[in-house]
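Chemist: What follows is each chain in one-letter form.
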Amino acid sequence: MRALNALARRTLVARPLRSVLTIVGIALGVGVLVAALVLNAGLDAAAEQSAHDQLGRADLRVAAFLESGLSPASVTAMTTTPGVAVVAPELDQRTYPAPNPLAGSGLPVPVTVVGVDPEPDAALHDRPLAGGSPLPADGGNVALVSDALARANGLVVGGTITLNGSAESGPRTFRVSGILAPVPDDPDPAGRSIVVPLQAAQALFSTDAVDLVDLGLARGTSVTSVTAELERRLSVEPYTLTTPDELVARLRAATADFRITIALVAALALFGGAFLIFNTLAMTVAERARDVGLLRAAGMTRRQVTLLVLISAVHLGVAGVALGLAAGVGLAAAVTALGSPGGGALALRELVIPPGGLVLGALLGFGVTVAAALEPALRAARISPVEALTARLDQTTVLRARIRWLSLVFAVVGVAGIALWPSTASGSTGILRPLGVFALMLGVALASPFLVGPLGALVGAVTRPFLPTEERLNRSALTRDRSRTALTVGGLAVALAVLVALGGVAATTRQAAIAWLTDVVPGDALLTAVRPDALDEPQLADLAAGPGVARLSPIGMFAVAVGGLRLDAAAVVGADLLADGRLPLAAGDRATALPALDAGGSVILPASISDRLGIPLGGLLQVLAGRQTVALRVVGIASRTIPGTSGESVLVGWSDATQRLGALGAQYFAVRYVPGQAAAAAAALEPLARADALELAPLQAVEGSIGASVDRLFALLTALALVALIVAGLGIVNTLSMNVLERVRELGFLRAAGLTRRQARRLVMLEAAVLGAVGAIIGVVAGVVAGVILAALGPGIGVAYDPGWWTIALALVGGVGLAVVASAWPAHLAARIEMVRALAHE
Amino acid sequence: MSPILEAREVTKRYRLGAGDVEAVRGVSLAVEPGELVAFMGPSGSGKSTLLHLLGGLDQPTSGDVVLDGALISRLSDDAATKLRREKTGFVFQFFNLLPLLSVWENVALPFTIAGEDARHGDQAAAIRAALASVDLAGKERNRPDQLSAGEQQRVALARALVRRPALLLADEPTGNLDFATGTEILDRLWRSCHEGGQTVVLVTHDAKAAAYADRVFVLHDGSIRDEIQLGRREDHGAAPLIARLASLGL
Chain A
1 MRALNALARR TLVARPLRSV LTIVGIALGV GVLVAALVLN AGLDAAAEQS
51 AHDQLGRADL RVAAFLESGL SPASVTAMTT TPGVAVVAPE LDQRTYPAPN
101 PLAGSGLPVP VTVVGVDPEP DAALHDRPLA GGSPLPADGG NVALVSDALA
151 RANGLVVGGT ITLNGSAESG PRTFRVSGIL APVPDDPDPA GRSIVVPLQA
201 AQALFSTDAV DLVDLGLARG TSVTSVTAEL ERRLSVEPYT LTTPDELVAR
251 LRAATADFRI TIALVAALAL FGGAFLIFNT LAMTVAERAR DVGLLRAAGM
301 TRRQVTLLVL ISAVHLGVAG VALGLAAGVG LAAAVTALGS PGGGALALRE
351 LVIPPGGLVL GALLGFGVTV AAALEPALRA ARISPVEALT ARLDQTTVLR
401 ARIRWLSLVF AVVGVAGIAL WPSTASGSTG ILRPLGVFAL MLGVALASPF
451 LVGPLGALVG AVTRPFLPTE ERLNRSALTR DRSRTALTVG GLAVALAVLV
501 ALGGVAATTR QAAIAWLTDV VPGDALLTAV RPDALDEPQL ADLAAGPGVA
551 RLSPIGMFAV AVGGLRLDAA AVVGADLLAD GRLPLAAGDR ATALPALDAG
601 GSVILPASIS DRLGIPLGGL LQVLAGRQTV ALRVVGIASR TIPGTSGESV
651 LVGWSDATQR LGALGAQYFA VRYVPGQAAA AAAALEPLAR ADALELAPLQ
701 AVEGSIGASV DRLFALLTAL ALVALIVAGL GIVNTLSMNV LERVRELGFL
751 RAAGLTRRQA RRLVMLEAAV LGAVGAIIGV VAGVVAGVIL AALGPGIGVA
801 YDPGWWTIAL ALVGGVGLAV VASAWPAHLA ARIEMVRALA HE
Chain B
1 MSPILEAREV TKRYRLGAGD VEAVRGVSLA VEPGELVAFM GPSGSGKSTL
51 LHLLGGLDQP TSGDVVLDGA LISRLSDDAA TKLRREKTGF VFQFFNLLPL
101 LSVWENVALP FTIAGEDARH GDQAAAIRAA LASVDLAGKE RNRPDQLSAG
151 EQQRVALARA LVRRPALLLA DEPTGNLDFA TGTEILDRLW RSCHEGGQTV
201 VLVTHDAKAA AYADRVFVLH DGSIRDEIQL GRREDHGAAP LIARLASLGL
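From first to last, the protein sequence lines stand for chains A and B.
Position 250 (the first sequence) corresponds to 250 in the numbering used here; numbering is contiguous.
Position 224 (the second sequence) corresponds to 224 in the numbering used here; numbering is contiguous.
If we strip away everything but chain B, and leave its shape as in the complex, we get (with noise of 0.2 Å):
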């Protein structure tokens, strides 16, 4: 089977003053699909634009970035816009709802930029099955400051999730909740991964994040310093993951 994500030797360079940064140099990797992968590292190691450069959000300085078999890196950026909005959904730390749409309109928005009319057929009962999926249901006329930071997210997720992609990419989606607020939005992930056969890719800096993925690669200084494979498990324990980065002296 051919991977679903995969990037070649990707760089990314940033202008700073006189100089140059280098955000991710040369990382390659490739995600197959129904795997949940995880990137961990400190700030600034570059996890967050790594994601950026797979979801094509950015174009890479050089290397390539394959999406389901497309160059999405070397894309016009309405040919990778459509490619984006066919094949992912993002789910980000600060949730990112609209503040005057309702929960049902969030939730549509995959719908509604798509050019469909997410108030019959399918598509609502999409809209549907994702808030109920996220506990929502009942909530559709909900405005944003109506809800909690979890009920936000969920309606963040059941929005990366109402149009199915093959695809979800997660920027530190539990970073802004308590604990069990963000269990239940990574549950929801591995889930969607589980039992949806959706890819998964997330960033984050928490090991019990982190430990819910298939693998994960740890990030130091833009570059992939190491590839921690730890399979596909229903409890989610971190302590495999916590002490092999305890090895690696992270």
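Okay, chain A solo, but in the shape it has when bound (with noise of 0.2 Å):
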């Protein structure tokens, strides 16, 4: 054993060049592997310290769940339940402070005012403090303000900061009594929360509700039997009931489409560095085959000349999955330091190195490794003395091999796959989608060897004009091993395909983010209110009066309970739709459908919500609203709605949504300026605005901040997938070198019959210009129908697939660069071969 280990060392020394390219490859594909399970890992960590951070020690959360949120009368009921140890009860709120004499003329940046009972809340949650001392437990006026706004407000203990309340309360100004330290859940999306007591609080914004009451146990209670006395006691609005282990859930659940992805693009790398192990090691099976001659005839057995490749592939498989490991915990960092990869819904806090990941990336990464090696192994063992030195092995029998050995290959990864994915992920749908996008590219990869020789001839034909003698020279460069060809071009067509996907379905989610802005809002521009704004308040008459401006559209957006699921709703005016051409409807008449929802008792739903309640057009929408129930007919189903917390919200008339539904006023106004009028309009509205402490944006800047959320989501996993392409790259290095030192003789001659250097090299990059070629179409094909599957498999996002054709020629255009960079070195060695050593190779 110990002659064969230093046989397979020097064996692998030899060569060093390929032996660390794939050492490289095998590193890249557990890295990515590896920073898979960390970020997995660190999003676990995040939605359980999240939960934690949110609901404190509370054993439950009952939420409000309209706006009017829960009252006095609630909170009396939870605190006479058994079992109820502790009541905290909250209430959260935006507003905006006075101006900020150190910001400039802008609207001030809102704030989230949290109002707690101090001595309870004390009891459930941790609000550490910088600086200062906690609320005191008899109330006043004080406040804890977190760190972000202290800095950007100026603010210190003693100081004050005055919050604009209620119309009926007016402006207050609350003394700091202390400086909350940062931390990662801070209410305040910006970072800008201030806690105050519950009744200053309250007073501020002259209600006596409360949105949530954060429940602690005695010991010995059980939640569920708590949880029932709750559900007899609570009837007087809807509530949500929420404990640690669901929000854990819930939160996991948010970000089950990203590690989708991510195991994925990390089984996709994988599957790239196996294709590299295992044409490095048919390389040099096929290059050593006399040597192996050699032995056999010395007398070696053929289960050592197995063991003898299988010790070599371990040589590389413990370099590389060593250098994975350390490339994955370095890349799952970089990613955990950038932030949210969930698109916002969690972000990464900490790096979690899971032990059993790591043991669970070194096993994978060897397993794909040993499993790569098998088939040259057994066929290095089957060689016999006289075939290695006399005939060349057959192609065809080698092609069978290797289609059989790329099957054990995926079922290897496909074990990756499993172990990647997130256990939150549930759902036929969900696990329809990467298993078909994995059938796929093994059907790639399997169609490869037998597209390799038509679509290069194609791509032959395309070159000719350019470089004929370079072309007829390399004509049948791609069949010289058509099983490596295939092999080379497969990891390049996978990754691709993996781009060209995301690239696809980045382009339509993107669409599909922003589509609902102009098929929906009829307006111009959009006005953001912190808190709803009650329709009859006066300041909007003067918007809606204000030179230039046509038209301004409410928009609210609340809750509704619909058979004991959540819905998102908005009230819209649908007399401004009609006028505006806005929302198209896929089932049910415009013209009677919207005004038919200012008439009341109407409803239109998207036909997302439509598809998954089973209500057609005509049918009835039974809401909750209090202890009755209000059913509203489906008057029409359109495409795509408003998108609300949790996906598309059904519409409904401003009467119902006041009168019978609880929405207390819009948060939204669209605002459609008279034609040609529009900057002067936006520049005389601006100031109104910002007086009635709303927000102006035109929908371009809407779009393009949305568009820029849904970029910055797929950027991660693209920067993931290229992970995939690098390897890729590699194996085109690998390839085109070994292409090369076969070729030495035939170059050394073609050199002696005059073909200059210049032309030795442009040989091999033009070989590499075809593999390339033929890889990214190949890729694009497959990446275009990856993508129409995860889209189509995924939910409803009412839009045309788009294929995103920027995705692809940069894909088609990046695939023969890569593979001509990749050339470089391989197309050095051509040019600089010695004339007279390489006709005394043999």
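Bear in mind the hints are in silico, worked out from the structure with no lab data behind them.
Keep in mind that this is a model prediction, so the values were computed, not measured.
For each residue, glycine too, the CB sits at the ideal point set by N, CA and C.
Watch out, some of these pointers could steer you wrong.
As the list claims (entries may be wrong) - Residues on chain B that point at chain A, a partial pick, calculated with CB under 7 Å:
| # | residue |
| --- | --- |
| 1 | 6 |
| 2 | 52 |
| 3 | 57 |
| 4 | 75 |
| 5 | 81 |
| 6 | 85 |
| 7 | 96 |
| 8 | 110 |
| 9 | 112 |
| 10 | 113 |
| 11 | 115 |
| 12 | 195 |
Two chains, each in its own frame: build the complex with the hints.
Modeler: Rendered as structure tokens:
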């Protein structure tokens, strides 16, 4: 064994470039895999931490379902529920502080006011202070301000901050008693929160309600029994109950799609690595067939030959896996440092390195390496001394064996995919997507050997007019070792397919994310309020009467309960949508449906909810409103409506929204300008809006902001997919180097016969370009199909699939470019061949 | 008439471990147009190295090589390559055919490399003529692995002759062939010299092959030990050469 080990090591050392490329290939494959596992662990930890930050030591959270919140009667009912030891009510409202002397003349940045009852709140929540003292138990107009707000507004302990309240209460001033230490889960999206006594907050916003109540249970009390009792007692207004476990599960589910995609990309990167390992070992066996024959003639058994190749693989595997583990952790650390990969749903807080994940990554890396080595090892063992010294290996047999091998490696990578599968992901279409894409990639890999010839001829015909000499000399190069070429093309095609699919899905998601704006919003700009504005507020009439403003259309977002489900709802003015030509309907008559919304008793459903609830046009949507049910007739079904917090919204008229369903007012106002007066109207509207604490943004800016967040999410996934492309690039370097080495004698003769160094270099680069073009063509076609699968099996997004033409163009150019860049070293080798030595080369 | 090929004090030195090895030591010679010369000598005597230097495949450490009036040893790689493409044709012991190309495509290589279309016109006629001259008409579509060793070497010869280069360099062209096939190749080389006026430089360790030459240079330890004048003879008998070699103790 020691002798075999030494021999294997020497074999690898003899071809340092190839060995290093393979090790890097394994390392990148394992690296992406490990990064995915580490990121998954980090997201899990972040979910648990986030749930803990939100609920603290509470055993249950009762949250108001409607904007009107939970009444004092409900809070009292909770207080008297047996088994409830601590009741910590909370009121969360957004408002504007009085103008900040440190800021400019624009609208002040809003803050989130958190009203808490200091004593029970302290029992359930940690609110660590960076300075000052906590809220006094007896209340008063005192405040704890977040570190970010204190810095931005120059607040210090003992200073004051004035907050705008409701119309009745007006502005009120609070004395800063303490500065809150920064926490990851600040209630305010910008970290600008103010914690004040509950009574002071209720006085500021003129309400006696609260938004949520956290409950601490008495020792020995079960959550189930308290939940049952609460459900019996709480009958005044709708609410939701959440336990810490449920919150963790919900947070995990929010990142499931992201983790599925990471798992898919990681599995495919590992597959790309497997291509490289297999190709390297297959080349080594082919190159050393004569040596193997001599060793067999000298008495080496088939088993020893198999072991020799497998030991070589183990050497490569050890180095690659070790490097890959480090690279994976580094990659995950970089992603963690960058922030929120879950598209804002959940931010990674810290690097969590799961020991099991590292072991799994190492085992899978070894598994793929050994699986990749099996076929070359067995083939080497079958080489007879006579065959090795005379004939070439039968290409058809080799191809068949390699196709069998591909299936084996796919099985191993499939195990990797299952290992990476997010535990929170469920549902048949959820698992069908990656399975569909994975099956497609297997198809690509298996079909590549048969596509290389015809596609290569096609690409060759295109290059012939430009490089006739090189094209003629190169014509058969791709089919020299069809299975090797196919593996290289396959690796490249799979990597490019992932990129094209991600590009298509990103473009489609981007379109879907912004399409509602142009389809549903009847205006050129949006005014945004920090809290719902009642429609009868006089300043709204002033805004609507502003110069150049044709129409001001309110949009109110709230939630409704339907059959135990929480649905997002939006109150709209049907007449405005009709006049503006917005909201095309997939079913129903716009001309009657939109006025019907304003008349009341009607609803327009998005197609996704109509399908999900099985309610067709003309059916009834039974909405729970307080103690009674409101039946709304479905008068139209739209391809898409306004996105809410958990899906698309059902659209209702304002009369139903405010009088029957508990909506308090509008958070958005769509502004339609008089044609040709947009610029002047916007300039005039902005100060008016600012005075009413409304923020004006053109629709394009809103589109850009939504598109940018989609782009950020996909940029990370694309970066991971690029690793697979790098692996494919290494494969190309490997294959072309081998091709050059195999053709040393041939190239030597061509040089002797008058081929210049430049021509020799171009010969290899052309071979690479053709190889890259073939890989790019296959990859683009497979990528578009994969994108369609991902989009079709995903949640309905109501827009046609956009293949992402830029990504396709980039993939085609990038595929060829990568191949040409990867050919630089082999081309250099070809150009520098010493004719005399080459001609003496056997 | 000025020589077509000339070596002036050509030396080729290689590094070997800590020291240097001189494969060719101060060789000077001249080959006239239409002449057939042979280099003989034992293994390691430097005959192949000298051929490579004369053909511009390698650069001498010192001294000069003049090919058809051009100092090929001092030209840039590109210029030397182009000169080689125009003036020389090579035949090697191991044929060096491109296995994936057909017979026609292999013979057409010199045109292909020069960027000429060999499918039509004069080039196609030249390929047909070259193949006919080595009795391979009808085998144009075959691949090298479908031919015998002798046929493969005839393809290599046709390839070397197809552009009618002024100088043919042949390195052990019969070393891999049986006697009868070797003789066919040598006959064809001799005819291209005798009838076509091409200059041939032949490297061989076989006295029967060397006997086709007008002059034989005997190399030993990288130097020319002797020059044997045989003159142009139709019978190619090896007896005079063998007798002379015997007198030299070889």
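Chemist: Next step is simple, just say for each hint if it's right about the structure.
Modeler: Status of each hint after checking the structure:
1. 6: 20 Å, violated
2. 52: With a closest approach of 5 Å, the residue 52 of chain B hint holds.
3. 57: 4 Å, holds
4. 75: Nearest chain A Cβ about 12 Å off; hint violated.
5. 81: 5 Å, holds
6. 85: 3 Å, holds
7. 96: 4 Å, holds
8. 110: Hint holds; residue 110 of chain B Cβ to chain A Cβ min 6 Å, cut 7 Å.
9. 112: Nearest chain A Cβ about 5 Å off; hint holds.
10. 113: Result: holds, 5 Å to nearest chain A Cβ.
11. 115: 5 Å, holds
12. 195: 24 Å, violated
Violated hints, in rising order: 1, 4 and 12; the structure is consistent with all others.
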